[in-house]
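**Q** With chain A held as given, fit chains B and C onto it using these hints.
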Amino acid sequence: MAVISTNQPGIKPQQYTSTQIATGVFCVALIFTLLQFTGLLPSWLHRLPESWIPPFAVWLDAAFNFIRTDLGLEKLTRWFAEGPLQFMLDTSANLLYGKKRWPGFEQIPWSAIAAAAAVLGYYLGGWRLAALAGGTFVWTALIGQWTIAMETMSVLVVAAPMAFVIGLGLGIAAWKYPWVDRAIKPILSVLQTLPFFTYLLPAVIFFKVGPTAGAVATIIYAIPPMILMTTLGLKKVSSEVVEAGKMSGCSRFQMLRHVYVPAARTEILVGVNQVIMLCLAMVVLTAFIGMPGLGAKLLAMMGSFKLGRSFEIGVTIVLLAVTLDRLSKAWVVKLPEHFEKGTPWWQRHKYLLAGVGAFVFFTILGQFVEWFAEIGRRQNFSQGKEIDTAIKTFLAFDLVQATTEKIRYVLNVWVLNPFRDFLLSIPTAGFILFVVAGALALGGRRSGIYAAVFFGLVALSGWWDRSVITLYSVISAVILATLIGLPIGILAARSEKWSQRVLLICDTAQTFPSFIYLIPAIMLFGITATSVVMSILIFAMVPLVRYTVEGLRGVPEEMNEAADMSGATRMQKLWNVQLPLALPTMAVGFNQAIMFAFFMVIIAAFIGTQDLGQELQKTLAGTDLGKNFVLGICVSLMALTFDMAIMTWADRKKRLLGL
Amino acid sequence: MTTDAPVISCKNVWKIFGDDPEGYLAKMPAGQSYDDIRADGYIAGVKDVSIEVGRGEMLVIMGLSGSGKSTLVRCFSRLHDITGGTIEVEGQDIMALAEKDLIDLRRNKMGMVFQSFGLLPHRTVLDNVAFPLEMRGQDKHARRARALEVIKLVGLEGREDYFPRELSGGQQQRVGIARSLAIEPDIWFLDEPFSALDPLIRREMQDEFLRLQEMLGKTIVFITHDFDEALRLADRIAIMKDGAVEQCDTPDQIVMHPATEYVRKFTEDIDKSRVVHASVLVKPDAQGEGDPVSSTATIHDLAPTLVADLREFIPVTDGTAVIGALSRQEALEVLVGAD
Amino acid sequence: MNKFTTALATGVLAFAPMAAFAADSSDPIVIPIHNWSSQIVMSNVVGQIFEEMGNNVEYVTTDSQAVYESVRLGDVTLEMEVWEGAFGASFRAAMEKGGIVDVGDHNAVTREDWWYPMWTKDACPGLPSWEALNDCAEIFATAETGSKGRYLDGPVDWLKHGKERVEALDMNFEVINAGSAAALWAEIGAAEADKRPVVVFNWTPNFAEAVWPGEFVEFPEWVDGCDKDPAVGPNPNALYDCGNPADGYLKKAAWEGMEEKWPAAYAVLEKISFTNPQIAEMARLVDVDELEPDEAAAEWLEANQDVWKAWLN
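Residue numbers (the numbering used here), protein chains in the order written: chain A, 1 to 659; chain B, 660 to 998; chain C, 999 to 1311.
These are calculated hints, taken from the structure and not from any lab test.
Here are the simulated DMTMM-like pairs of lysine to aspartate or glutamate, each with C-alpha atoms no more than 25 Å apart in a straight line:
{"id": "1", "chain 1": "A", "residue 1": "K406", "chain 2": "A", "residue 2": "D421"}
{"id": "2", "chain 1": "A", "residue 1": "K329", "chain 2": "B", "residue 2": "E825"}
{"id": "3", "chain 1": "A", "residue 1": "K334", "chain 2": "A", "residue 2": "D507"}
{"id": "4", "chain 1": "A", "residue 1": "K236", "chain 2": "B", "residue 2": "D678"}
{"id": "5", "chain 1": "C", "residue 1": "K1161", "chain 2": "C", "residue 2": "E1136"}
{"id": "6", "chain 1": "A", "residue 1": "K100", "chain 2": "C", "residue 2": "E1050"}
{"id": "7", "chain 1": "A", "residue 1": "K99", "chain 2": "C", "residue 2": "D1022"}
{"id": "8", "chain 1": "C", "residue 1": "K1095", "chain 2": "A", "residue 2": "D61"}
{"id": "9", "chain 1": "A", "residue 1": "K392", "chain 2": "C", "residue 2": "D1120"}
A short, non-exhaustive set of chain A residues, derived as facing chain C with CB atoms under 7 Å:
{"id": "10", "residue": "V209"}
{"id": "11", "residue": "G210"}
{"id": "12", "residue": "G290"}
{"id": "13", "residue": "A296"}
{"id": "14", "residue": "A300"}
{"id": "15", "residue": "A396"}
{"id": "16", "residue": "Y409"}
{"id": "17", "residue": "N412"}
{"id": "18", "residue": "V413"}
{"id": "19", "residue": "G526"}
{"id": "20", "residue": "A605"}
{"id": "21", "residue": "I607"}
{"id": "22", "residue": "G608"}
{"id": "23", "residue": "K618"}
Among chain A residues calculated to face chain B with C-beta under 7 Å, some are:
{"id": "24", "residue": "A244"}
{"id": "25", "residue": "P336"}
{"id": "26", "residue": "H338"}
The structure displayed is predicted, hence computed values, not measured ones.
Glycine residues also receive a C-beta, built at the ideal position from the N, C-alpha and C atoms.
Next up, chain A with everything else stripped away, as it sits in the complex (with noise of 0.2 Å):
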């Protein structure tokens, strides 16, 4: 019906496309602009007056407090705090490095749980894996780290199966009832673009300063992926299997426990994939707020420009989390295999027998070795000052200095400054209309009322600058990204070796916590716009890289052949068969970029920025909930509105080319 409309225009006149309105609004916006730059455009266009500003904070901190005191859930979660959370923290933390508490044993000794994780590899993956796993330990127990290594894991130990079984329940919930399904989808979208200073604050106030806060904001950024993949596993159980479970007699629970959950195994496994991955990153940023481990040992080495340690400690951190995350990976591939008829219980048992094995004997070894225990001061063998050296050195090469120095002028003076101060320059209102028609064209009308509600708030939530400053970075940031990563994608997609190969890395990079990028950007280019940048841009490349390379491998082979066979050269074929059709999934790996972008620059507070991040990082050392949350809204709005005009736009694109 609606084919026949369109062609026949005649009917309904006052009709637009979306094209044709975003192209007005861009007109409108243009006229702003030029006119604010003649100074002919009443100010309040250019910047809401301060008095038009709701005092959103103040809100904000008045509902808050309400809740917090009135209502008295502070008395609740400083209970649960202080009560099970502290316990289970501590715990963990009396067997993993032995803080005085129950059970009071000494800690466990490293060469233990080195053995016991290297028998778990092997068993999971082979030889490889159990090299990776032992060796992670191994290199940690050596360079000295053992002890902030186990800080951060007595967090995760507790932290990840809690983000587990919230995210699971949760997973179910909105799986089986619609209402909640709708009440948590955009709960979760602003969680998952919510920066994480906006976690830490609440996490403090209601949780109190140190780890059960840092536990607290670590379960909370875990278990969005973890409700999405149990709710997408769940409906993805095949029907037959389900009908097979009620023809079976099922109660409704045992459904739920012997038919769906089993049969969702594999998104659920990589569910729990992601919640340790989330978890290992979030337990390393939660240094901000007074978590103590390796991140707090990493922000430290920084703070005092110990790049020899820094360094050190971000092998360990990338150990870890490629560990954790081949090994749960492993975990998702690992399906039962039967044993023959008359397998000793031994023999069927023999990974966990290993297992138990190695570890009783390295603990009582360490009993008696305390090598084996415990590495002892001036023992380890960090080689911190020497790296440091190092990387002084190369630093002070007259070439590295050249170029780096080189690249930092033309960036800062020549693109970043002048693309900054162009944008601050744009009227408020030209720059809200220039993002709806933007959204406009790739979303479409939707998109475009979205765009200017969330536009429209940050504009009225007083911290206008600071934003476009942020966009800026993340701008700044994607379009370089885009311009190096497209052709690495390109290259690498155009050979199955190759493209196998930056898969892997992209997948290993993607496992690093984010803190670890600031390392090499602030070695290179010290403390400038230029430094940010980079520091976001080599973050956001890896997805953009990823979906490159899926995209283009993903084009059908017939089609591929098809055009071989109409006589195509390589770049015909790239321009007119590939792109094309990889285009969809290329724009979800940019949309990533840009929703990691966003992350990224709130980090890069760290390093130095004039925008929303700082803010943020600024009101962690207060009590300002308000700001707090205010701040983080407007990062999350921003994300949200390229998040929702580039899905759809993908979207759109995926159903007309009938992927």
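**A** Just chains B and C now, with coordinates in the frame of chain A:
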């Protein structure tokens, strides 16, 4: 075959998919066609079906994909709630059952086999087969013993500890069959059980299935889109199109007297002589002479007699007494496929 | 009066240490740790002294501004380094709300202000006077700041008011905020390679003076009220038109309830007083010798037994 009260009896059953099926059905004028309903934004999965299944009978529901046959069988077991009409299973209105009673019914009376097997991937063969027993709370030893028994019955002995993905398609379906039989159901639903299998395996499984049915004598509702399979297995066949039953009768009758053009098209390419039994052609008042032939023999079985014998009428016996005679001319027409 | 009884109590306790220490609660004394090394080591030193006395001690990492609120509420028990310039305001605010007590000054004096490494003086011989600095503003110019000099201030949340001072004194400088202390050291480290002149925010005591010799810029001398009353200082219309105090205090603070709950530990805390060289030494053990803080503390305690043993009696 149908000795006493029907096991499943459904009257004017409707199953409509859409936003408000009950409301739509209540207001729907009589005589709406499938396409009319579709134009209103609803899909008639099952359209005014009345059918009965007798004890020990094998009813085959035949139809092309989308004809509603799977939906209908899911209504029988209340995997789907019906929109209108009534379904009684052993005299009980299943729509009136509380959830607990429904679960009891499934735990004790019904078994079902699925097209893509519907096996639980995380359980071994033994655990899959024992699953319904476990659900109804049987103790571990009893259910293990029973599961091993049915596994042996379907010929999977020695594979108890395998996981489904370690088995071939045919073997997986044997597990599905064993599971559906574990609780010793009275009513056995099979939803295109052999469609996902290779033609050779399918044939083998059909033989296996007939062997089982001979031993067990269950009431069976069997779904297929393969007319040959239907003819081969069925006591009665119900042919469905657009949610409605076009014709429900014995294979002989369907082949000899198709009720609609749609049904006739199915029968066109069929070698009728292999389907039609002597009993169908018997004229009770006709008198034949000489040796009688068996009423259960197909015309194809009788081909040598029919061609060589010159009698006009051949007497037919049901094993105890002569029940009449068949016209040799008519039988020859069936044999050569003339209409 | 209060002081007197405590002193008396300690005096008495000195003769019966076992009985006295038993009076301390067995709950852990919570010591906050911040993000600079001298404070971390000093906290560890004090913690290990308390442990020596038989107390339980626990360390938590907290923000250095927010910590006063935590001390006030008793979430953490004490604070070893209250810098006048950096935390005076937060400390005073917490004092006004109540719950936190001043446990006296360290021997050390603190200073934090604009600072330059020695090599800068070669390019701008008039230093350390601020007028001379302003006259050489151009040698501090970078691509990003154009003709103005670049001054790298501390992170915004340290509230150093560099921008305000530049405006108040009409200096030809642009203030860039570093994101962290790391940024400051990175800047000095980078400049060191080719002896580029830089002026950055810095403070004493810290490890940097051992690594990079340098001097503070001499601004108009600090007068009380310079940050509150525009009339004070050379520019009658502006706040922050003076340098920071050149001999700021370094205080110890504690939770009000500490004296009652851990009387012995509190008595020792009152006596503790570190000097500038001692603090620099602590920072050096971590920053230069790369020891872990607890190891550094143990080493310092071993080497300085005469200093801290005296506080116990």
